[in-house]
Amino acid sequence: MSIEANEEFKPKIVAFCCNWCSYAGADLAGSSRLGYPADVKIIRVPCSCRVNPMFILRAFEKGADGVILCGCHPGDCHYSTGNFYARRRMTMLFSMLDYIGVENGRTRVEWVSAAEGVKFSTTMNEFVEKIHSLGKNVRLGDLRCRN
Amino acid sequence: MSIVNSQADKIKEISGSNPLKCMKCGKCSASCPSFNEMDIKPHQFVSYVQNEDIQSLVESKSLWKCLSCFACIERCPRNVQPGKLIDAARQIVVRQKGQDYLKADEIPELIDPETPQQLLVSAFRRYRR
Amino acid sequence: MQRIGVFVCHCGSNIAATVDVKKVAEWALKEPGVVHAEDYPYMCSEAGQSKIQAAIKEKNLTGVVVCSCSPRMHETTFREAAERAGINPYMVEIANIREHCSWIHKDMEEATKKAVILMRAAVAKVNLNTPLKPGESRVTKRALVIGGGIAGIQTALDIAEAGYKVDIVEKTPSIGGRMSQLDKTFPTLDCSACILTPKMVEVNKHENVNIYTYSEVEKVSGFVGDFTVDIRKKARSVDMDKCTGCGVCQEKCPSKKTPSEFNRALNTRTAIYTPFAQAIPNVPVIDREACIKFKTGKCGICEKVCQAGAIKYDQEDEIITEKYGAIVVATGFDMIKLDNYDEYAYSQSKDVITSLELERIMNAAGPTKGHLERLSDGKAPKEMVFIQCVGSRCSDDRGKSYCSKICCMYTAKHAMLIRDKYPDVNVTVFYIDVRTPGKNFDEFYRRAVEDYGVNYIKGQVGKVIPQPDGKLLVRGVDLIDNKQILKEADMVVLAAAIEPNKDVRKIATMLTASIDTNNFLTEAHAKLRPVESPTAGIFLSGVCQGPKDIPETVSQAGAAAVKAIGLLAKDKLMTNPCTAKPDELMCNGCSQCANVCPYGAISYEVKEINDHGVRETRRVASVNSALCQGCGACTVTCPSGAMDLQGFSNRQILAEVDAICR
Amino acid sequence: MQELIARAKELLADGTVARVIGWKAGDLPYNPEPAYFEKEEDFDDFVYNSFCGANLSKLMIEACKLEGKTLVCLKPCDTYSFNQLLTEHRVDRDKAYIIGVGCKGKLDIERIKKQGIKGIKSIKGAEITDDAETLTIDTLYGEKTCAFKDAMLERCHVCKGKEHKIYDEIIGESKDTKDAERFAEVEKIEAMSPEEKFAFFQKELSKCIRCNACRNACPACSCRKCVFDSTKFDSQQKANVDSFEEKMFHIIRAFHVAGRCTDCGECSRVCPQGIPLHLFNRKFIKDIDELYGEYQAGEEVVERGPLTSYTFEDAEPGIVAERG
Amino acid sequence: MYKIAMDNLSALFQKIAESNELYLPIENCGQVNYGVWSEDADVNIEALKTVKSPKDAFFPQSENLYRCDKEEKKISITPAQLKDQNFVVFGMKACDIQGVEVLDKVFLSDPVDTFYAARREHGTIVALACNEPEETCFCKVFGIDCSDPKADVATWIVDGELCWKALTEKGEALTDAVKDLLTDDSAADAKVEEKKAEIKDIVEKLPYMGLSLEGWGSEVVDEKFDERFNSPVWNDLYKPCLACGTCTFVCPTCQCYDIKDYDTGHGVERYRCWDSCMYSDFTMMAHGNNRNSQMQRFRQRFMHKLVYYPINNDGMYSCVGCGRCVEKCPQSLNIVKVIKAFENQGGEK
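Chains as they are written, first to last, in the working numbering: chain A, 10 to 156; chain B, 289 to 417; chain C, 1212 to 1873; chain D, 223 to 546; chain E, 14 to 362.
Looking at chain A on its own, in the form it has when it is part of the complex (with noise of 0.2 Å):
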């Protein structure tokens, strides 16, 4: 499947989704069917902070557009204190991607409750459109993995 020049910009993005919250509230978005683009593939981990910033940068080398993370809200975490540490380490990737000058905005971070159907269709909704007003990731792919 090989993106023509002049085909429409389709996004890749992948969102890590907690096991107990966010990738709940990703099922109760499909189930109310609040749609959000089909360029948005969801991977699950147990715990916001499974995610590792190696799998951050491991998605932008093998040409992702945009990563999200979405987890409990603070003081909601399954493992009670999972998302804080997430939290920080996040702040801190995201910080250093903006320092090497990655365009702010293909990461982002969201709190999403399994009760959160319609936030997580808004904010998958939004997420998609920011990627698209950004463009395609050149900043941060190997070009082995372009075609």
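Just so you know, these hints were derived from the structure itself, not from any lab.
All C-beta atoms in this analysis are idealised placements derived from N, C-alpha and C, irrespective of residue type, glycine included.
Hints are not guaranteed to be accurate.
What the hints assert, rightly or not - Below, in silico cross-link-like pairs of lysine to any residue (SDA-like), each with a Cα-Cα straight-line distance of 20 Å or less: (1) D:Lys336 / E:His135; (2) C:Lys1616 / C:Glu1584; (3) C:Lys1717 / A:Lys139.
Claimed, not checked - With the C-beta cut set under 7 Å, the calculated list includes, among others, these residues of chain A facing chain C: (4) Phe18; (5) Pro20; (6) Pro55; (7) Cys58.
What the hints assert, rightly or not - Which residues of chain E face chain C? A partial, calculated answer using Cβ under 7 Å: (8) Glu85; (9) Gly278; (10) Gly301; (11) Asn305.
Given chain A, put chains B, C, D and E in place with the hints provided.
Positioned in the frame of chain A, the structure of chains B, C, D and E alone reads:
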């Protein structure tokens, strides 16, 4: 959904309120100081917009009886805010009459020195949209 | 190399209507490791599961990918099916092509493309899956019930009756909860105290029940079957063993100005007090904020008059640490604050009251000894207006978006009781809808209208205006007559919305139980698991889960008890095998992982490590898999990547990332 | 230096320590190497001068596994690293005898050579006892001079102070050589547009040869096996195939030492391509200070660092975009 | 002998670049390394030593070998293209040129490394005599004369002019191509000779000139070999080594490489990249590592350069005395210190 009455859509757009959110509690009518002067009651504004019967609304007395006191807007538990709907209907009439927006520099010469400041502020509040 | 089978479910038309399931199966065959692919209308059905099992056996599959609904729905189903066919259940992964695909996309081509990618990610993961075996953990045969209202009492009684020990922790000095504040109950008009008090006595006397009143849960650690809870027993300043409950101290106490919590601050109480006459335990507490002895050091009257010598000014808070197998949350509710609804003049007039205040006024033990009178001047009212849905069903941020569920019925009850006892009082109810879905509920409401002449007006009140003469001018609307109504009333009763007890957020955080935007605890499944929290071992009883009336609360309390009993009846629990595992060859022993572990599951040992023949004695991490819950915080903290999470390993997740970005 | 040698010999002789880690004179005026001293005669080569920039604390990881105590010479800034290693249980306090050695700023030979000074035969003014403000350099191409300050390592310009944070005894005097703002360079980059930032780092990192000197010199990068050497992440460690490789490596390396980096400056000192690697670590230090409160890794032995703790009110990751 | 004014070099580069890819020392962020010439490149040919040696031009740090493309379950293989474009490496010093000879012996002997051979075939080397040798230089120890480099073209900087002399056919061809810019000057020969003498004079004064290679080289066999290999000296020497790859990656003669696969998502790129014997996974195999301590890996580096290689290559050392490792080692370890450490040992033998 087929093409909807453009005037109803326009009212929804101008007012920013969604008549479908109404739960028909009537708190707007219960709050309205002009209730008795009105032929179409505040809670009915909502159903008129919903039923796309803008003509009746535009021709009603209510259109000019609303004081813009905003009580219904303040108290509506569902954010439907009938006051905004009627205000939007009024704007439609005003605009239809070819009295679209004033330019800011046209205003000073139109102002009677006796005009209370309050009225000006109220007018701005009402017509700024 | 794995031999993977891919099974694509149509879910009737739920998936097949938007995703070309045949194509997904076709594409699956092109993925590395995939040796079998098929589609079927209902994979989760008996027949569908048999297809999976048959393929496992025929094609010697080592791994299975099911493209179907959310793993939260049927992961267990498919894993069990695979296990019955002889492969390790953890060799099964689900690609969620329903909730995350067919249900949210409209375009068939687009949805099919996405489903293929989700399938690929799952296949990529299964290629790296390894068989996992659950461990075992023991179950402490004791339950904790947080909250001593009717929900907590009923749950505790049911658990105790089944033969298990159960502790109740109640924040206030007595059990009884909201129900003890009620006068009568609908739809039978029983006296609330008459039906509650025997239950309070029963639970208090039960040999399997231990009640901690005036106590709060301070800390919770552990996990299902093995929670460790710290309970703060607040200093009562009264020796519970010595006190005889004679009440002399309360008669003599000179500090009498504290608003009574029990009577909704409609009257006052003494500094040393029992909340109400039937309190259990019937032992007073000293409110140290109000007590003269505590404030000034002088007084000490209660100590002098107590013949039992039970007053203990130097008592201190006590922390009790106890182990539990199951925890039931029954923290109940409160009325919302009415600050946002000043149009109803609640803060301006004493005669505008909430319905719970009316309960106290109607109650013989209440501030007016059960006489219906205006709190401003003590006069008997002639006109009463009830306003429904105050703060309920609001989509703005002034109130609550939900229906409080109980107001329609209690208002009918109030109206009926007033008309019955004071036939000369006119009662008007402004309503939006009257909701009476319950056994004998609508009949009850109709009696209020037809037999008692309560005036129900379809419409809302816009404003209540206190008049100089003390009357209340109510401006409402009658939507049927399309008339605005101006009515002078003597009293206005507001059916204020109910909301979860404000402490529930703190408790939910301690329990790691999830909570919704309205602060109601979330159930594991709205329909199929309504009394369980998604957090294993935590059960929900009563209004903490959502608005309910008493019969519903009691039945849910029983259901929560049954779930807890089901857990306590087990000797051992299978633990989640997706736990962290350190690679000792790479571990630095730096302790960073232990710092972030919320379960204290990581310890360190100094041992001899053989690294390809090089032996060295050093400090390495070791994970107690019974304690580890598999969050993965440690895996990211570990700089060398020595710590990995089974079932969600670095390589598995990276494989999914790669498959998606390909 | 003589006092230091005498004391080390004494401790070795009375059995307090089994070995000494210090510096051995090099074959050029400026290249002393870290070395073990176990016998009295080894000390003939012992040297401690202004070119002894290497941070010896990392050598203690291995030394602590040996029989007996090891005496280690640590400069004030090195003691932060030692504390951090103690925090992480990588060294054993009981196996270390720390002599806090005086430091008045360390020299960077690259900075001297940058001034066009080559064919160096000898350098005067680099002795530890000297308080010289100028270095006198005898070269094949004549005598040259260079201000001491201009030859100092970058890290000395943002000196953390003259105090040793952990020691058994102190020999020699230290001086706070700080004459620049620690975060000035970081702030300069922060103020750039995304395009400028990207161009800046792209240019600097294009020099990276993936020699791993920064990692291997770093006292915080003390993993037994680095993730970049492990097969677990499929991360390449020695190829500079695509410019992304370097970014990935340096971001992850900075992330792994975030909250643990004492800002000792070894990474920048050892980089053969002169990449200002401290700019990565210092950015994290600045962020941590701003977002989670001032924190200096290695100031003392603590249980948790900033990335292994949290508060309920922590900033959301969105703050990065908000700060602009 | 030809010559060209130093001021006119950019014209020369431009001319060369018309028909060749041109590699030469370029300054970027304060460091001089060989890179491809472009109009706006900050050329610095007077820098004595580039950080990395120019061996990249013939043996890049990483290069693709072939690509596997996956279509469904079929795999097709496309070999990477060999170098087919002519290029010029300008300004190589005598030591680096000897370094290429060292590489030649490895890559051009059977089995020939086709990637390397293609680059050698298409590459023309323009050598530059060292102007001001530094204290870290010790090329003379290996018999290299830095005042008189031997390559396709040899050049000298004399009095603001670059003197140019073609030495091979390739060199003649290049000279012809740029002849318009060069002027013939018979007087230049004498000046160059003068310059050579001047350089040699300085070389004599360099601190490492006395370095003795006794005890190293192709004659270190049998007991002598065992003695050196098992010497306790190694145990002291390696201790400060950080196990980084700096020495290896700046070295003009190190030739070890690793072959790796990169998953692009559509297939696999197989590439090779420089390896370092200092790395813990050097020659790592399924069973583990045959050198499992840093001492062993450290010893490997120097034994290879000073003993194994000479034994296999008629006594030629695989060190050229460029001194880059001396300058760049973070711990100030280097081959000179190793050679010296054994000096006394040699005496006792």
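Hints and how they fare:
no.	hint	verdict
1	D:Lys336 / E:His135	violated, 35 Å
2	C:Lys1616 / C:Glu1584	violated, 27 Å
3	C:Lys1717 / A:Lys139	violated, 36 Å
4	Phe18	violated, 15 Å
5	Pro20	violated, 11 Å
6	Pro55	holds, 5 Å
7	Cys58	holds, 4 Å
8	Glu85	holds, 4 Å
9	Gly278	holds, 4 Å
10	Gly301	holds, 4 Å
11	Asn305	holds, 6 Å
When each numbered hint is compared with the structure, violations occur for hints 1, 2, 3, 4 and 5.
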